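Q: Construct the entire structure; sequences and hints are all you get.
Here the protein sequences come in this chain order: A and B. Numbering of the first sequence is given in this note's numbering, commencing with residue 1 and proceeding in unit increments. Numbering of the second sequence is given in this note's numbering, commencing with residue 1 and proceeding in unit increments.
All clues given are correct.
Derived DSS-like pairs: lysine-lysine, alpha-carbon spacing no greater than 25 Å straight-line: (1) B:Lys-157 / B:Lys-95; (2) A:Lys-78 / A:Lys-195; (3) A:Lys-116 / A:Lys-164; (4) A:Lys-92 / B:Lys-280; (5) A:Lys-193 / A:Lys-92; (6) A:Lys-184 / A:Lys-141; (7) A:Lys-137 / A:Lys-184; (8) A:Lys-20 / A:Lys-231; (9) B:Lys-174 / A:Lys-164; (10) B:Lys-157 / A:Lys-92; (11) A:Lys-193 / A:Lys-231; (12) A:Lys-164 / A:Lys-195; (13) B:Lys-54 / B:Lys-219; (14) B:Lys-174 / A:Lys-75; (15) B:Lys-174 / A:Lys-78; (16) B:Lys-280 / A:Lys-137; (17) A:Lys-75 / A:Lys-20; (18) A:Lys-164 / A:Lys-75; (19) B:Lys-280 / A:Lys-141; (20) B:Lys-280 / A:Lys-142; (21) B:Lys-92 / A:Lys-75; (22) B:Lys-92 / B:Lys-157; (23) A:Lys-78 / B:Lys-92; (24) B:Lys-157 / B:Lys-98; (25) A:Lys-137 / A:Lys-92; (26) A:Lys-194 / A:Lys-184; (27) B:Lys-95 / B:Lys-174; (28) A:Lys-164 / A:Lys-194; (29) B:Lys-174 / A:Lys-92; (30) A:Lys-141 / A:Lys-92; (31) A:Lys-70 / A:Lys-193; (32) A:Lys-116 / A:Lys-142; (33) A:Lys-194 / A:Lys-70; (34) B:Lys-280 / A:Lys-116.
Calculated from the structure, these hints are not laboratory results. Quantities reported herein were computed from a predicted structural model and do not represent experimental measurements.
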Amino acid sequence: MYILETRNLNFFYGDYEALKNINFRVETNTVTALIGPSGCGKSTFIRLFNRMNDLIDNTRIIGEVFIEGKNIYLKDTKIDELRKKVGMVFQKPNPFPMSIYENVAYGLRVNGETNKHTIEESVISSLMQAALWDEVKDNLKKSAIGLSGGQQQRLCIARALAVKPSILCMDEPASALDPISTSKIEDLIIDLKKKYTIIIVTHNMQQAARVSDFTAFFYLGELIEYDVTNKIFTNPKEVRTQNYVTGRFG
Amino acid sequence: MKKNTKQAIAFNLFRLISIIIIGILFLILYFIIIRGIKVVNWEFLTTMPKDGMKGGGILPAIVGTMCLIAGSMIFAFPVGVLSGIYLNEYLKESKLKKFMRLMTNNLAGVPSIVFGLFGMALFVNKLGFGDSIIAGSLTLGLMVLPVIIRTTEEALKSVDDSLRFGSFALGASKIQTIRRILVPTAFPNILTGMILSISRVSGETAPILFTVAAYFLPKLPTSIFDQVMALPYNLYVLVTSGTDIEATRPMAYGTAFVLVVMVLILNLTASFMRNYFTNKNK
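A: As structure tokens, then:
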């Protein structure tokens, strides 16, 4: 069974069809990169997995999205449970204006966890998993806004991990960061693969090649090609894919 | 003309205008302080008026104004903030929302004397509160409600959407996001609305004229259904309708001085609170 699967998925902003008949599936504990030029629908696509698109007015979805075998667009879906299961890291680091500790604890608190001991353990282990613990362990009470961009992004990853997701969706998580912070995030992604399934949107071909096992190329709302990363970058079936990954357009 | 010359002229013009504005403010303060400071002493602040308001203090007016500020804020702050939250977080862009915004703005444009008349008709007569702190507070509260609603709305609007998405993505509900993220983040700016409101409430005469203000009442209120004296109205009375206006004039300047200082202290307190919450968010 695939941890994530979409069947005949179409998505509309008003009358505009942003995604056209996408069939896509992801295996557990892999990293899948979504690539394609701006406006091709990859960010829209990733947002469908935890129903963040619900927050945008005047949108419509046709087709099915299965997470762990369950269609998440059925009426009885518990959105908060879904969002715990499918974590999300955004393009721009968005730490809450509160302490580092409270940022990570937030997801637990809003989901009803009140046991101080449990929260503390989870905060520590999440920060460790996000490779941030050593840098912040003495400053947990300090505001998260004071961290560097790269640290903020790793904090956002820690925050997402704290609610124990099985899938982690990342929307260009390193595009606002310097090269050193970027490489830290990339190492982290490879490391997190052991425990989580990761889907990452990226504009950076090298990044996709470095961190992902599978790569999906989107163009004008269509999934053009989806294969093992190595194959996409060395021997793609489609000319459009070839042109994009070699930098001839996009 | 050269670009730089133009810029220099414009720059100096702006500077001149700014200086004039600040100058006017200081002139007012100077005028009030010089004339008021002579009468203000401990007795003036802590005793009842006597001798047809030619002597004694203005304690009941100070207490009265304090009561009205507190009363109007207890009413208007929660109602205004909740309305602002509703407008910005719940109501989608629609005709209804546009209409509500328009009406809120119109409410802000209603002359204060009309609020006074309305307060008299509704709170004093219809609801039978009589001339009382509660009637005056509610009237003043209604008057500043649009200010609080608008500033709350603007404060929430300025919170980056990425924080909303971040919170929702962790499984938080809308109400949790509002309570734990949006309101705390917007709070310093929401307080700005309160600061403006306090200044208006403490200075307005018209809304309290028919709803609470007593001409002469040398005792302190014991319940919210009591009438009180208030600083701005007391000032008006001292300047216009005493039995011996020349003799009460110094008392008027004293009252003005107290009113200005009181508003200043309240504003500074609120500003400190605002800075405190801003720093807490950093």
